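Could you put the whole structure together from the sequences, leaning on the hints where they help?
First to last, the sequence lines map onto chains A and B.
Using my numbering, the first residue of the first sequence is number 52, and each one after it goes up by one.
Using my numbering, the first residue of the second sequence is number 89, and each one after it goes up by one.
Think of the hints as simulated: they come from the structure by calculation, not from any bench.
Source: prediction; values computed, not measured.
Certain hints may be false.
Said to hold, decoys possible - Computed far set for chain B versus chain A, every beta-carbon distance over 10 Å:
#1 126
#2 162
#3 184
#4 267
Stated by the list, open to error - Chain B is faced by these chain A residues, among others (derived, beta-carbon under 8 Å):
#5 77
#6 83
#7 94
#8 96
#9 303
Claimed, not checked - Pair by pair, the computed Cβ-Cβ distance ranges are:
#10 B:123 - A:87: 26 to 34 Å
#11 A:292 - B:141: 35 to 43 Å
#12 A:125 - B:176: 40 to 48 Å
#13 B:211 - A:100: 49 to 57 Å
#14 B:130 - A:125: 28 to 36 Å
Just so you know, even glycine gets a beta-carbon here, dropped at the ideal spot from N, CA and C.
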Amino acid sequence: MTKRPDLDFEHARLDSASLERAIAATRRHFHGRAEHSALTEERILEQAWRAPRRFRPLLYLPLAAVFVGAIAFAQELGTLFAGASARFLGVVEQHEPADSAPRQQLRKSTRAAPPPLAQAPSLGASPSPSLSVLPPPSAARVSAQAPRPRLVATPASAGPADPGLADPGLADPGPAEVAVDEFALYREAHQAHFVEHNYALALTRWDRYLAAARHGSLVPEARYNRALALYHLGRREEASAALRPFADGIYGRYRRDEASRLLESLAAPAR
Amino acid sequence: MLHSLGVTVDGDGYGLEGALDFGARGTSSSAGDAALLERLAQGDRDALRALYRRHHVAVRAFAARLLGDDHAAEDLVHDVFVALPRAIRGFRAEATLEGYLIGMAANLARRHLRSSKRRRALLQRVAGEPRREVVRPDQAAADAELALRLIHALDKLPHKQRVAFVLCQIEERDASEVGAILGVPASTVRARVRAARSHLQSLQQFRDTEQSA
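Written out as structure tokens, the structure reads:
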């Protein structure tokens, strides 16, 4: 297979010429000019002469004391509450039938992570969303710190009937949106798009991601990939509409050039 | 290869004197900077505006090359110029203002660099950015891809090596200038660049995490 010389990174060690090409490319790519530099200028002028925040220990000392006291009080209260709960649960368990193991397991997890799991029974009673407790993230998962089970409410349907026409920003996931493992949704969509190249499925999944994680950390990426899926499906008008914000710089330089080129190719008459 | 870009490698091979210029360097602008700094010290907003317009391209270029992230670079440029009215007390007349601003950016970059690296790592772990898409035929697209690879590799470097590498190799400043910017001897800068190059060339991850063409 012939490789493009500027992308030849097949060698185990990066040879000097490849490094020099990458350096030159980085120099050209990050050239320092930005369309929004005027906005930054205004922000700077607005904030440069604001009084600097000074650290005043005498002001913060009482606050710190109150904070420490509150923590200590909360801990003490928590101990008392835990003791009371244990006594209460002990009473309940004495009256439960022998086959109530799942409920006891749930109760154990409730103690381990009280706020989210405490809602599980009431939500689980509703038939429309399917609830599941995801296992802790594996090593490959995004959040390596403090892994914990996450409560996920998946809508019963995979997405809107015609996902390409639905505006993901307006799509209402409904009451099922409790907490979403947005990275899992993103991975699924990415798998369909870039591995399976099933663009119809990918489009559905990008829409599902955008509907479920409307403030997610990967929303710009998902929106761009959704536009690509539309492009691949030949839905030219929708693809143009989805690419336009990127080309207009709504997301800064992120994918701006690529979006512009795609728009140009979409504007060209179909062969 | 390098000569085709109009760049020559100097004697030790680590400082590069480039024909590519990206901002006001040298003494021609020093007098104007000095006058503006005097006015800035008296609280003149227009002086800050003028200084921003003179130097923002150079500072943003450095910030983006260091961070590999345009948004974070914009925030860093903001931080540098917001801090400038108070920071000019530490400015010495023998230094160039551009170098001083770059030094400020290098010092303020750690927090931004952490968040940029986190974001890149997150994207890489979740799925990886799409590498080859429908229409990417031209030089800019190839540059973007190569730049992204280098930025990922730079994420593996210690901060000081990264800064020295960006200033000497990508920005093509010579070691003595970078030494003045960073407040370290030129020999230290050369050693950091040497270590950075060696580190980059030995990175298996550079190949493993990126798909070749």
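Against the structure, the hints come out as follows:
Non-interface status of residue 126 of chain B relative to chain A is upheld: no Cβ of that chain comes within 10 Å, the nearest being about 16 Å off. The Cβ of residue 162 of chain B does not lie farther than 10 Å from every Cβ of chain A; its closest approach is about 6 Å, which violates its non-interface assignment. The non-interface label for residue 184 of chain B is consistent with chain A: the shortest C-beta to C-beta separation is roughly 17 Å, beyond 10 Å. Interface exclusion of residue 267 of chain B from chain A stands, the closest Cβ pair being 20 Å apart, more than 10 Å.
The interface hint given for residue 77 of chain A is met, as the beta carbon of that residue sits about 4 Å from the closest beta carbon of chain B, less than 8 Å. Checking residue 83 of chain A against chain B: minimum C-beta separation of about 3 Å stays under 8 Å; hint holds. Hint on residue 94 of chain A holds. Least Cβ distance to chain B is approximately 6 Å, under the 8 Å limit. Because the smallest distance between the Cβ of residue 96 of chain A and any Cβ of chain B comes to about 6 Å, under 8 Å, the interface hint for this residue holds.
With a cut of 8 Å, the hint placing residue 303 of chain A at the interface with chain B holds, because the nearest CB-to-CB distance is about 5 Å. Checked against the hint of 26 to 34 Å, the pair residue 123 of chain B and residue 87 of chain A passes, with Cβ atoms roughly 28 Å apart. The hint said 35 to 43 Å for the Cβ distance between residue 292 of chain A and residue 141 of chain B, and at roughly 36 Å that hint holds. Taking 40 to 48 Å as the suggested C-beta distance range, the pair residue 125 of chain A and residue 176 of chain B conforms, at roughly 47 Å.
About 38 Å separates the C-beta atoms of residue 211 of chain B and residue 100 of chain A, a value inconsistent with the hinted range of 49 to 57 Å. The given range of 28 to 36 Å is broken by residue 130 of chain B and residue 125 of chain A, whose C-beta atoms sit roughly 52 Å from each other.
Of the hints listed earlier, those the structure fails to meet are numbers 2, 13, 14, in rising order.
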